[in-house]
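*Asks:* Spelled out, the chains give:
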Amino acid sequence: DIQMTQSPSSLSASVGDRVTITCRASQNIRGHLNWYKHKPGKAPKLLIYGSYSLQSGVPSRFSGSGSGTDFTLTISGLQPEDFATYYCQQSYSDLTFGGGTKVEIK
Amino acid sequence: EVQLVESGGGLINPGGSLRLSCAASGFTFSDVYMTWVRHAPGKGLEWVGRIKSKTNGETTDYAAPVKGRFTISRDDLKNILYLQMNSLKTEDTAVYYCSTLKWLGLEVFDYWGQGTLVTVSS
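Taken in sequence, the protein lines are chains A and B.
Counting from 16, one number per residue, gives the positions in the first sequence under my numbering.
Counting from 116, one number per residue, gives the positions in the second sequence under my numbering.
Treat the hints as calculated values from the structure; they're not laboratory data.
Heads up, some of the hints might be wrong.
As the list claims (entries may be wrong) - Simulated pairs of lysine-lysine, DSS-like, Cα-Cα distance not exceeding 30 Å:
1. Lys-60(A) - Lys-169(B)
2. Lys-217(B) - Lys-117(A)
3. Lys-57(A) - Lys-182(B)
4. Lys-117(A) - Lys-60(A)
5. Lys-158(B) - Lys-117(A)
6. Lys-121(A) - Lys-169(B)
7. Lys-54(A) - Lys-217(B)
8. Lys-158(B) - Lys-60(A)
9. Lys-217(B) - Lys-57(A)
10. Lys-217(B) - Lys-158(B)
11. Lys-204(B) - Lys-117(A)
12. Lys-54(A) - Lys-204(B)
13. Lys-57(A) - Lys-158(B)
14. Lys-158(B) - Lys-54(A)
15. Lys-57(A) - Lys-193(B)
16. Lys-217(B) - Lys-60(A)
Just so you know, these numbers come straight off a predicted model, no measurement behind them.
Using the sequences and the hints, build the whole thing.
*Replies:* Set out below in structure tokens:
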């Protein structure tokens, strides 16, 4: 099974900050990497698919990059509604989530 | 409107069995790959397993921690997805969600239910 490791597991940031979350796969997954935002009591929401493609309706402050084993989610200009837990997820071989990164208010 | 409604959760002793259901509406259920995801207290999301559509053989795949103990099935006439859980362990305690999978050049999780809580404890 492919393992996905996210870092950091949590971070504190202020509104307007640029935030970067990384995700590493245990083997080459090419570009088969998605990012989700999850708030308590709500369904996870797809942000980025295929490493860098922005899902329809998602603000352009979200961006993704990477290929192979190393991937990044960047939020450029953190907004109050962005405080949540973010998960990477691979679709190269079966499906696996990363451990999550909780973005908290500083 | 797409709706996914899970049911069947509850408190169960270790070693016991439980069957979860997910009633689907608002889309052509038989055409869609379906999946189960769980969220244990204080932990991250964990994929449990997937079932493909009938036209793709209704084949199933499972995450390593549940392989051999959990079975996913579907009833395309009733639009219901099932998760049969046997030999339950305390570490299976979680909220279980059903979700649809969508193809965007790769599989992505699309619609989600509200979840049903399974607690494995003596």
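*Asks:* Each hint should be assessed against the structure and marked as holding or not.
*Replies:* Results for each hint:
Annotation: proposed proximity of Lys-60(A) to Lys-169(B) holds, straight-line Cα distance about 27 Å (limit 30 Å). For the given pair, Lys-217(B) sits about 26 Å from Lys-117(A) by alpha-carbon distance, which is consistent with the 30 Å threshold. For the proposed pair Lys-57(A) and Lys-182(B), the alpha carbon gap of about 28 Å is at most 30 Å, so the pair holds. In summary, the hint linking Lys-117(A) to Lys-60(A) is supported, as the alpha carbons are separated by about 15 Å, within the 30 Å threshold.
The straight-line distance between the Cα atoms of Lys-158(B) and Lys-117(A) is roughly 11 Å, inside the 30 Å bound, and the hint therefore holds. With a CA separation close to 49 Å, the supplied pair Lys-121(A) and Lys-169(B) exceeds the 30 Å bound. Distance check on the hinted pair: Lys-54(A) and Lys-217(B) sit about 21 Å apart at the alpha-carbon level, within 30 Å; holds. A hinted pair counts as satisfied when its Cα atoms are at most 30 Å apart, and Lys-158(B) with Lys-60(A) qualifies at roughly 18 Å.
Between Lys-217(B) and Lys-57(A), the direct Cα distance comes to roughly 19 Å. Compliance with the 30 Å bound is thereby established for this hinted pair. As the CA atoms of Lys-217(B) and Lys-158(B) are separated by approximately 25 Å, the hinted pair is consistent with the 30 Å bound. With a CA separation close to 27 Å, the supplied pair Lys-204(B) and Lys-117(A) stays within the 30 Å bound. Distance hint between Lys-54(A) and Lys-204(B) is fulfilled; the C-alpha atoms sit about 27 Å from each other, no more than 30 Å.
The suggested pairing of Lys-57(A) with Lys-158(B) holds, with an alpha-carbon distance near 16 Å, which does not exceed 30 Å. Between the alpha carbons of Lys-158(B) and Lys-54(A) the distance comes to roughly 14 Å, so the proposed pair stays at or under 30 Å and holds. With a C-alpha separation of about 26 Å, the suggested pairing of Lys-57(A) with Lys-193(B) holds against the 30 Å cut-off. Our distance criterion of 30 Å between C-alpha atoms is met by Lys-217(B) and Lys-60(A), whose separation comes to about 13 Å.
In terms of the numbered hints stated before, the structure departs from hint 6 and from no other.
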